[in-house]
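Undergrad: The primary structure of each chain is shown beneath.
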Amino acid sequence: MKHYRIAPSILSADFARLGEEVRQVIDAGADWIHFDVMDNHYVPNLTVGPMVCEAIRPHATVPIDVHLMVQPTDRIASDFAKAGANIISFHPEASDHIDRTLSLIRDHGCQAGLAFNPATPLHYLDHLMDRLDLILIMSVNPGFGGQSFIPEALNKLRAVRSRIDAHTAKTGREIRLQIDGGVKLDNIAAIAAAGADTFVAGSAIFGQPDYRTVIAAMRQQLVA
Amino acid sequence: MPIAKISPSLLSGDFGILAAECKRMVSHGADWLHMDVMDGHFVPNITIGAPVISCLTKHLNAFLDCHMMVSHPEKWVDDFAKAGASLYCFHIEATQDASALIDQIHAAGMKAGVAVKPKTPISTVMDLGHKMDMCLVMTVEPGFGGQRFMAECMPKVKELRAKYPDLDIEVDG
Numbered sequence: 001m002k003h004y005r006i007a008p009s010i011l012s013a014d015f016a017r018l019g020e021e022v023r024q025v026i027d028a029g030a031d032w033i034h035f036d037v038m039d040n041h042y043v044p045n046l047t048v049g050p051m052v053c054e055a056i057r058p059h060a061t062v063p064i065d066v067h068l069m070v071q072p073t074d075r076i077a078s079d080f081a082k083a084g085a086n087i088i089s090f091h092p093e094a095s096d097h098i099d100r101t102l103s104l105i106r107d108h109g110c111q112a113g114l115a116f117n118p119a120t121p122l123h124y125l126d127h128l129m130d131r132l133d134l135i136l137i138m139s140v141n142p143g144f145g146g147q148s149f150i151p152e153a154l155n156k157l158r159a160v161r162s163r164i165d166a167h168t169a170k171t172g173r174e175i176r177l178q179i180d181g182g183v184k185l186d187n188i189a190a191i192a193a194a195g196a197d198t199f200v201a202g203s204a205i206f207g208q209p210d211y212r213t214v215i216a217a218m219r220q221q222l223v224a
Numbered sequence: 001m002p003i004a005k006i007s008p009s010l011l012s013g014d015f016g017i018l019a020a021e022c023k024r025m026v027s028h029g030a031d032w033l034h035m036d037v038m039d040g041h042f043v044p045n046i047t048i049g050a051p052v053i054s055c056l057t058k059h060l061n062a063f064l065d066c067h068m069m070v071s072h073p074e075k076w077v078d079d080f081a082k083a084g085a086s087l088y089c090f091h092i093e094a095t096q097d098a099s100a101l102i103d104q105i106h107a108a109g110m111k112a113g114v115a116v117k118p119k120t121p122i123s124t125v126m127d128l129g130h131k132m133d134m135c136l137v138m139t140v141e142p143g144f145g146g147q148r149f150m151a152e153c154m155p156k157v158k159e160l161r162a163k164y165p166d167l168d169i170e171v172d173g
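For the record, the sequence lines run as chains A and B.
Numbering-wise, UniProt numbering puts 62 at position 62 of the first sequence, and it's gapless, one number per residue.
Numbering-wise, UniProt numbering puts 69 at position 69 of the second sequence, and it's gapless, one number per residue.
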């Protein structure tokens, strides 16, 4: 049976008491902590940098999964690796040299992922499946929390799931398939059915008064 | 001459407990709170953005002195005003029309500051003294905390003070 992971996004947390938010959501059942990094250039918002990751590292007893919505990628990727990130994903269009950026991340001892915007085609996956630990499919256009899920992402998930399964059959290597954008209690089951195994949720979790209840409800949806 | 104000920089605080750190500084006598905003482009580091300021203003009511080490500072004025920033201090090196930007900041309801990097001559801001609410003279190259104070930048402060006896002149680094 697939091992599903819930990765709450701090984009929707209270940035003024982030350590406490991270501890609480982990206590409530989070598998990973998802860090949305935006630089005012690749996306029209500026969120948090490596110093914030470093500050919450002691509070996070689970992997820190960093999604870089920045351009260029390499220096910030290194800074996050040094700040304690476990997984680092970036957008292929934002890197000057995708292979080099993936190698840089892995040389730092982190897992490496590629993130795909809603309209970004999947051909970037053609020649580097063996260098990926994670593929992130965006189901909103990145920049802000609280947006609605773009249904076409389900088709994308199905396509990537086929590629991953073929790769795993051939090599024995696992690649996580992550979804981010408008993931909620009422659509998580359909998203899992389309092939996702790792679910980023921001406002769906942090917008609720009780994190434990909503995470448990999400897991119930996944099992059903 | 204006009264001296202390504005601790949260860059050296614990980002895991930002509200508590701000309250601690205020309770210990801080007049302003200096928020270092870096976008990875104007300076080679990313720190915090408007969403962080938004969360902070829900916890406390302090004077937030936002030092915008960002390119295209005109693009983020409204975001920071909505987030609750008190003062928006952009870099003279990051904009083509500082005067218009000061107007934009005032229209958004914030005070306007203009920052000058160590190698930038003070002449670049001398004509803005009657318009800006504050001038920030950097005494380190912006981007990181913990650097050595560059005393050689202090003549800029003297020159500015001589022309504008009532202007708030801030030193950072």
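Hint data in this document are derived by calculation from the structure and do not stem from the laboratory.
Just so you know, not all the hints are guaranteed correct.
Here are the simulated DSSO-like cross-link-like pairs (lysine-lysine), alpha carbons at most 30 Å apart as the crow flies [unchecked claim]:
id	chain 1	residue 1	chain 2	residue 2
1	A	Lys184	B	Lys82
2	B	Lys131	B	Lys158
3	B	Lys82	A	Lys82
Just so it is clear, the structure is predicted and the values come from calculations on it, not from any experiment.
Undergrad: Evaluate each hint against the coordinates.
TA: Tested hints:
In summary, the hint linking Lys184 of chain A to Lys82 of chain B is supported, as the alpha carbons are separated by about 27 Å, within the 30 Å threshold. Only pairs whose Cα atoms come within 30 Å are accepted, and Lys131 of chain B paired with Lys158 of chain B is accepted, the gap being roughly 19 Å. Between Lys82 of chain B and Lys82 of chain A the CA atoms are separated by roughly 33 Å; this puts the pair beyond 30 Å, and the hint is violated.
In summary, the structure is inconsistent with hint 3 from the numbered list given earlier, while agreeing with all the others.
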